[in-house]
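Novice: Dock chain P against chain H, hints included.
Taken in order, these protein sequences are the chains called H and P.
Quick note: the first sequence uses full-length UniProt numbering, first residue 1, plus one each step.
Quick note: the second sequence uses full-length UniProt numbering, first residue 1, plus one each step.
Do not take every clue at face value.
Which copy? The list can't say, so a pair holds if one copy fits it or any two copies do.
Below 27 Å or equal to it, Euclidean Cα-Cα: the simulated BS3-like pairs (lysine-lysine) are [stated by the list, open to error]:
| # | residue 1 | residue 2 |
| --- | --- | --- |
| 1 | Lys400 | Lys340 |
| 2 | Lys45 | Lys400 |
| 3 | Lys297 | Lys211 |
| 4 | Lys400 | Lys359 |
| 5 | Lys155 | Lys211 |
| 6 | Lys102 | Lys297 |
| 7 | Lys334 | Lys324 |
| 8 | Lys364 | Lys427 |
| 9 | Lys400 | Lys334 |
| 10 | Lys359 | Lys102 |
| 11 | Lys102 | Lys155 |
Bear in mind the hints are in silico, worked out from the structure with no lab data behind them.
This structure is a prediction, so every number in the text was calculated from the model and none was measured.
Number of protein chains: 2
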Amino acid sequence: MLTDSFLSELQNIPNLDCYRDTETLLHYGHDETEDLSFPPHIVVKPATVEQVSAVLKIANQHQIPVVTIGGRTGLSGGALAVKGGIGLSMERFNQIHEIDLKNLQVTTGTAVVTQTLRDAVAQHGLFYPVDPSSQGSCFIGGNIAENAGGARALKYGVTKDYVLNLQAVLADGTIIETGANTLKNATGYNLTQLLVGSEGTLAVITRATLKLLPFPTQNVLMLVPFRNEAEACEAVSAVFRAGFVPSALEFMERDAIDWALQFVDNLNVVVAPDVNAHLLVELDGNNLDQLLEEAEKLCSVFEAYDIDDILFADSTEQKNQLWKMRRSIAEAVKANSVYKEEDTVVPRYALPELLQGIKRIGAKYGFKSVCYGHAGDGNLHVNIIRGDLSEQQWQEDIPKGITEIFELTVALGGTLSGEHGIGYVQKNYMPIKFPTHHLDLMRGIKNVFDPNGILNPGKIFPDA
Amino acid sequence: MLTDSFLSELQNIPNLDCYRDTETLLHYGHDETEDLSFPPHIVVKPATVEQVSAVLKIANQHQIPVVTIGGRTGLSGGALAVKGGIGLSMERFNQIHEIDLKNLQVTTGTAVVTQTLRDAVAQHGLFYPVDPSSQGSCFIGGNIAENAGGARALKYGVTKDYVLNLQAVLADGTIIETGANTLKNATGYNLTQLLVGSEGTLAVITRATLKLLPFPTQNVLMLVPFRNEAEACEAVSAVFRAGFVPSALEFMERDAIDWALQFVDNLNVVVAPDVNAHLLVELDGNNLDQLLEEAEKLCSVFEAYDIDDILFADSTEQKNQLWKMRRSIAEAVKANSVYKEEDTVVPRYALPELLQGIKRIGAKYGFKSVCYGHAGDGNLHVNIIRGDLSEQQWQEDIPKGITEIFELTVALGGTLSGEHGIGYVQKNYMPIKFPTHHLDLMRGIKNVFDPNGILNPGKIFPDA
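Excised from the complex, chain H in its bound form:
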């Protein structure tokens, strides 16, 4: 694929680091999606937008695929070089350029780790609320590419709600600024929002200006154990109907908690034998007395269901423990078995119906699933466990089961992915949500931005 003329042009880009050794190619050939491995043919690590522009210009002329690589924490295979070509690692765009205290904005390179960004602005009393579970290693650019969500989305929204403006490089090397650093904008088509969630298929995002909020200084965290998992899902909607908007409302099935407790040492959480699900509920604000008053009222909402004693976290350490338990589930499942993860999302009231449907479909196809996720915004992660399923069952029956899960999700007013993106592993399910004319509109947009189809080929769109 990589001709000598292509390589020599690439090597003529001043100060661009290129790697072709097997170890590097393998390293950049996987992310957190199952056990997939798609090494690129070459890895480049530009450090400036001009270098990105030069790489794309050459790749476009030679029609070589370019896959933008971030923190490699993706769960849909979005950053895997499934067609080979260039792995464009953004890791050197790791500078926070400006924390703008006057306008409550931050301008950052897209390879800054999300947690690093959140911590940096917090030091100035500012809040970047988007907190995917992988925040300790994912890049802000990957969050933008996949429109990442996380646990605070029910109150604070998702990545798209914070992106004001992007610097991006088009397939032909043109550098654009998508919008303006303003809270309001009604000036032409919203290319900023079009790039958010476009999974590296429309442009390479090199810099982002994000909206910030004042940091809420207080929070209350409680763990509510339910004997019946469907009731836990029902309670989610009851919380909002009662007028509360928690800053987090997480659902965990019994299995999810057990696996997390086994996986993480020293988690000081005891779960009674008859408990089948938990809600982890956080309220935040600036007035602790008011939060405690609200939390008390919230308890009476939960007490209408069959619950065990509610645990109030009474120290920062205990809060960290509870969040660690929640955030370890994905890794715990991965350590336990081969699995496939789906990222279903529905209007939150439809959660009980979705959960019951998933269990029914599991029974039909003979698979076990572990479900957990951001119930407050209707986003349920479904881990389908391989366990002792045969290769044939895994390859043939499971995709049928997943198809039925997605059909149910769409029938309930939901969609295929809430925050992980479609990437490589979900792309062939896209026709369940979108008719051909809709996919053709998206293909048309893709073609405007990237007529040679070099940017992240083999993603989002179903195989022909």
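Specialist: Just chain P now, with coordinates in the frame of chain H:
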């Protein structure tokens, strides 16, 4: 333009009301933009999405322009039939389909008046925060088409932040659903956000599902009189730096207030002679004691500047009066003089510099301007007053002045329109913000959605 075969096909659409009388054509040929009049050749009033689809299909085959018409409150001429053709009045899509208390969403026809929608959901304790000044007559569909903002955007965001899903009709008559009724969505390109703010040039929007919030039950409103208008602008940024996020923070120049006071009867507001600008500041929430405490702290932020006595509105009636004063400014200016309104927006800290620059440019070209707007989000409405300028000055010098205002706005990190859209009157200023390759991307998208260019031609894009 309208051939017999076209008219007979149109008249074959069952139950579609068509109008060609001069009175109707003139009525639908203007909005609130200056004194412009561009009557369509025919007005149709579909009542169903199938009728919209049928109209577009025929128009597309015959290549007849279609302009979607809403509440005709636009300020950029977005709904004017500048190329003639069909005026597609959406007024019969005026049903709220469902207020979904379980998921805090509303699904509505796009011809529902914004205030009607806000009142309807408020009766259920729910809040649709977007409140353009024209909310008493503008349609929610027009708000979506222009990405309308309003006074609460600094805390609650703009229209785009509430649109979850749209039903829309493409130029060829295809009916699509753009997204899903979910808070999170990472499933393909975000066509929902692409249609928001696209000013009727990509599709006809027939139904919208909008996110709602619990209604904040309490608020505090205060009017802060400043002796120096630049200091009033500076104070805006100081409020946020001190950790406050008011629900409204409006700026009004002295002239704006004087004109509003003359225009509206019985406004019980007295302004001292040495006051040159006001900030109208609202805090909202659910705990009145806490709001009053915050308001007191906020006063000390303002007291660092040269201000007169702060007025606290002590009754609902007084609050309504202050808001009426603010909302009447546009009409008052219109009643006073021929004018042109620009809708500049910058990062909020740049407001004082923008305001001073506008006055400097006004002095250079000999025009008076009245400035007011949503200072909390950096959105300043600039009314350029014709007064006794000659026709030549008005036609030749003023556009040069506007060009300089926009150049300054862009240089300050801002953009041409915060919430009114580009429409007809701002389109030739687009190259100030966007280089050709950027406009070409937008044109490419337009071409994917509307290859024959029938949807709202002559808008957004600069003349060739």
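Novice: Could you place Lys359 and Lys102 in one of the four classes (within, between, both, neither) given a Cα distance threshold of 27 Å?
Specialist: between (51 Å within a copy, 23 Å between copies)
Novice: Between the shortest in-copy and the shortest cross-copy C-alpha distance, which are at most 27 Å for Lys102 and Lys297: within, between, both, or neither?
Specialist: Between copies only: 19 Å across chains, 37 Å inside a chain, cut-off 27 Å.
Novice: 27 Å Cα cut-off: does Lys364 pair with Lys427 within a copy, between copies, both or neither?
Specialist: For Lys364 and Lys427, the Cα distance is within 27 Å only inside one copy (24 Å; across copies 58 Å).
Novice: Please sort Lys45 with Lys400 into within, between, both or neither, judging by C-alpha distance up to 27 Å.
Specialist: neither (40 Å within a copy, 46 Å between copies)
Novice: Is it within, between, both, or neither for Lys102 and Lys155, if the alpha carbons may be no more than 27 Å apart?
Specialist: both (24 Å within a copy, 16 Å between copies)
Novice: Could you figure out if Lys400 and Lys334 sit no more than 27 Å apart (CA to CA) within one copy, between two copies, both or neither?
Specialist: The answer is within: 22 Å in one copy meets 27 Å, while 63 Å across copies does not.
Novice: Within a copy, between copies, both or neither: which one fits Lys400 and Lys359 at a CA-CA cutoff of 27 Å?
Specialist: Only inside one copy: Lys400 and Lys359 sit 14 Å apart there, 67 Å across copies, limit 27 Å.
Novice: First find the shortest C-alpha distance between Lys334 and Lys324 inside one copy, then the shortest across copies, and answer within, between, both or neither for a cut-off of 27 Å.
Specialist: within (16 Å within a copy, 60 Å between copies)
Novice: At most 27 Å between alpha carbons: which applies to Lys155 and Lys211, within, between, both or neither?
Specialist: Both: 15 Å inside a copy, 12 Å across copies.
Novice: When no copy is specified for Lys297 and Lys211, does a C-alpha distance of 27 Å or less occur within a copy, between copies, both, or neither?
Specialist: between (32 Å within a copy, 24 Å between copies)
Novice: Regarding Lys400 and Lys340, is the shortest C-alpha distance of 27 Å or less found within a copy, between copies, in both, or in neither?
Specialist: within (13 Å within a copy, 61 Å between copies)
In this structure, the one hint that does not hold is number 2.
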